[in-house]
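Participant: Chain residues, written in single-letter form:
2 protein chains.
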Amino acid sequence: MKIALLGIGTVGGGVRQIIDQALGMTGRLQISHILIRPEHDKTDPRMTDDYADILGDPEVEVVVEAIGGLEPAHTYVRQALESGRHVVSSNKKMLAAYYPELLAIARQKNVRLLYEGSCGGGIPWLAALARLKRIDHIQSFQGILNGTTNYILSNMTEKGRDFAEMLSQAQELGYAEADPTDDIDGLDVRSKVCLSAVQAFDAYLKPESIPAYGIRHVTAQDIAWAGAHGYTIKLVGSGYRTEQGICAQVMPMLVSDRNLLAHVGANLNAVSASSDTLGVSTYIGQGAGRNPTAHAVVQDILEIAEQPQLPMNEVQTAENDLSGVQGVYYLSGRPAETLRDLQNPDIPDALVTRKMPLAELLERLSKLDSQLPFVAQLEETDKG
Amino acid sequence: MKIALLGIGTVGGGVRQIIDQALGMTGRLQISHILIRPEHDKTDPRMTDDYADILGDPEVEVVVEAIGGLEPAHTYVRQALESGRHVVSSNKKMLAAYYPELLAIARQKNVRLLYEGSCGGGIPWLAALARLKRIDHIQSFQGILNGTTNYILSNMTEKGRDFAEMLSQAQELGYAEADPTDDIDGLDVRSKVCLSAVQAFDAYLKPESIPAYGIRHVTAQDIAWAGAHGYTIKLVGSGYRTEQGICAQVMPMLVSDRNLLAHVGANLNAVSASSDTLGVSTYIGQGAGRNPTAHAVVQDILEIAEQPQLPMNEVQTAENDLSGVQGVYYLSGRPAETLRDLQNPDIPDALVTRKMPLAELLERLSKLDSQLPFVAQLEETDKG
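Those protein sequence lines, which keep their order, are chains D and X. Okay, so the first sequence: first residue is 1 according to our numbering, each after it adds one. Okay, so the second sequence: first residue is 1001 according to our numbering, each after it adds one.
By construction, these hints were calculated from the structure, which means they are not laboratory data. Hints may be right or wrong, so weigh each one.
Chain X is nowhere near these chain D residues, computed Cβ spacing over 12 Å in every case [said to hold, decoys possible]:
| # | residue |
| --- | --- |
| 1 | K42 |
| 2 | P58 |
| 3 | R161 |
| 4 | S272 |
| 5 | G279 |
| 6 | N291 |
| 7 | L310 |
| 8 | E337 |
| 9 | L362 |
| 10 | D369 |
Only pairs whose alpha carbons sit at most 25 Å apart, straight line, appear in this in silico DSS-like list of lysine-lysine [stated by the list, open to error]:
| # | chain 1 | residue 1 | chain 2 | residue 2 |
| --- | --- | --- | --- | --- |
| 11 | X | K1042 | X | K1133 |
| 12 | X | K1042 | X | K1002 |
| 13 | X | K1133 | D | K2 |
| 14 | X | K1133 | X | K1109 |
| 15 | X | K1042 | D | K133 |
| 16 | D | K133 | X | K1002 |
| 17 | X | K1002 | X | K1206 |
| 18 | X | K1206 | X | K1109 |
| 19 | D | K206 | D | K2 |
A short list of chain X residues far from chain D (calculated; beta carbon distances all over 10 Å) [claimed, not checked]:
| # | residue |
| --- | --- |
| 20 | T1043 |
| 21 | Q1079 |
| 22 | K1109 |
| 23 | R1134 |
| 24 | A1164 |
| 25 | E1306 |
Since the model is a prediction, treat every value here as computed from it, not as a measurement. A virtual CB, placed ideally from N, CA and C, is assigned to each residue, including glycine.
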């Protein structure tokens, strides 16, 4: 099966290496084209800087998008689907933004659009959800879907250091980008939650409708308070079926030490699904990086090689049912002071709210005229 | 697709319920026969006590063995394969004992023999290994594959109680059988390690060749020593590629608190694989029970429905390369006293051995003329 690879950066390079040094079933795959930018040297005879070369070759069956960013990745993927090619991408931001448009084309052309590498890197998370769904209704999912922030939080927890210092260290080690906004403000996880909800619930929530709180304002004092009360702070993305529909959110969580997620350290990812007959199943591994993400991309290509005719599920666009879930929330930092009326009387030594609908908390936060406080959900352990 | 169900106990009953109350893709499955014992009432019109009814119906494509035990399960499965039917079973003891014979028939008849429910219950563990193997060499696996012993050890750890008391409690709650030998002596895990090695390495090690040490002799003092040194005791089954071949073992392990396995409590199962491009990936969930095991059985049936022609891998029978791995071992109890010459000078406050080949330890243990001591491997954390 002939494959065109768009981009030969970290992930694209890994995909080329795995397929070229073919093991086992990958032996039937062949990269025939590699799209590069005009200004780059053609160091591989398969390289071209003209996308028309790829779209014009009728033998190319799969286009692997490994460019990143919104454009031209989005246009290239759309054109590939329109031309009747299967597409594999791990570009979570682009996929979350344009999913309904791209899915409609894939369904019309009867081709597959797969993106295992977009959520949880090498962890077979979307594959696990697809498998569960063959039998079960999925009730909810939640997990750690960003390695950069998990690395920062794990180090703050172990070493008692400040956020800024641990962010710098993550940047020096290459675990965080020069502009870390998408990671530390929860926007990267938001895209992954959007795509996980598509897979789990056949429902598309616009990324902008998913509230995203990150870890920019977390302090060593917050970590210490959590530790003293049997919690570890993790950045958690989640999705739930509610009575009315689907709710999804991204928010730091004070995770009980009895919850496995509390013990997922370093830059690992970990995600759990809860479903009818299987109960809770959890999947843990390298959430990013060259080899794990390339592995996931090649798994998608093999999936297409095995079952090219499998139709893409229909997906309904839905509102985010933010009034359908309740929580207890931990708030800290100066701006939180104006929210003292929400105080939970059972936990007097910090600003922890009474149990309240997420929608109500978000409304109160939206009215703050200053910088946001650090906001986190407190895991309620009496419910198991 | 018509399915014959052999046995309607816990797992068989769960399979009938999932398929009869068909959701999604299971809608194309139909149970046409249910084999029961002659002395049982025929409470379902599909019930028969004559296996010839099933073998004689050419429309039956899949036989699900849910009888348990070695016979007649083994004979029924062999006959089903010989008659050209696909077989699904979660009977780990029977499958581990007869795997080469059954595989040879399945390969000759070009049918599939699947057994996801045999290892890790509902956790898609064997499916994860099969998926990994499409791209990677699997280097090793290790995990908690028995819920009964994990329940006992977790409770001993949390409550500081004795083994005998926690075993009784597990029996009262239905987590342990009246005769708990297979669970607590590691024989159940041995069958699962055998079948996991088949899947991971395409190598069959006879179950009798896999050393199995259980938790029968563990004491509250052992748990306390482990806790004081940053370890949690878990019963771990594992398999490794060695320089010369494959090594597999079942042994309690003093797992570092930095290892996720240490935090897998209650009756959960958790297994990790280490492979070339993905690194370590971990799968956690309900390792047994009606619904999770039935879920795994139905997943296997769906797998057959989707890809009935997929050939079974060739598997080589191999010796267990017990001299290919080394470890540091914790020993306790009176019989351990005669092994004092193995003492690790770095850990003087317990009988912990120097680093030594597993084969050498086993030879020394085989020469003890009294009851075996409690034997556990100490996780070496300096290697990560």
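Participant: It remains to establish, for every hint, whether it holds in the given structure.
Facilitator: How the hints compare with the structure:
1. K42: At about 26 Å from chain X, K42 (chain D) clears the 12 Å cut-off, so the statement holds.
2. P58: holds, 27 Å
3. R161: holds, 19 Å
4. S272: Check fails; 8 Å does not lie beyond 12 Å.
5. G279: At about 5 Å from chain X, G279 (chain D) fails to clear the 12 Å cut-off, so the statement is violated.
6. N291: It is violated; N291 (chain D) is separated from chain X by about 4 Å at its closest Cβ, not greater than 12 Å.
7. L310: Since the minimum Cβ distance to chain X is about 9 Å, L310 (chain D) lies within 12 Å and the statement is violated.
8. E337: holds, 36 Å
9. L362: For L362 (chain D), whose nearest Cβ neighbour in chain X is about 32 Å away, the distance exceeds 12 Å, so it holds.
10. D369: holds, 42 Å
11. X:K1042 <-> X:K1133: Violated - the C-alpha atoms of K1133 (chain X) and K1042 (chain X) are around 44 Å apart, more than 25 Å.
12. X:K1042 <-> X:K1002: Measuring from Cα to Cα gives roughly 20 Å; hence the hint holds.
13. X:K1133 <-> D:K2: holds, 21 Å
14. X:K1133 <-> X:K1109: holds, 24 Å
15. X:K1042 <-> D:K133: violated, 33 Å
16. D:K133 <-> X:K1002: holds, 21 Å
17. X:K1002 <-> X:K1206: violated, 34 Å
18. X:K1206 <-> X:K1109: Satisfied, since the Cα-Cα distance of roughly 24 Å is no more than 25 Å.
19. D:K206 <-> D:K2: With Cα atoms ~34 Å apart, K206 (chain D) and K2 (chain D) exceed 25 Å; violated.
20. T1043: Correct as stated: the minimum Cβ-Cβ distance to chain D is 22 Å, above 10 Å.
21. Q1079: Per Cβ check, Q1079 (chain X) is outside 10 Å of chain D; nearest 28 Å; holds.
22. K1109: holds, 22 Å
23. R1134: violated, 5 Å
24. A1164: Its Cβ never comes within 10 Å of chain D, the nearest being 26 Å, so this holds.
25. E1306: violated, 7 Å
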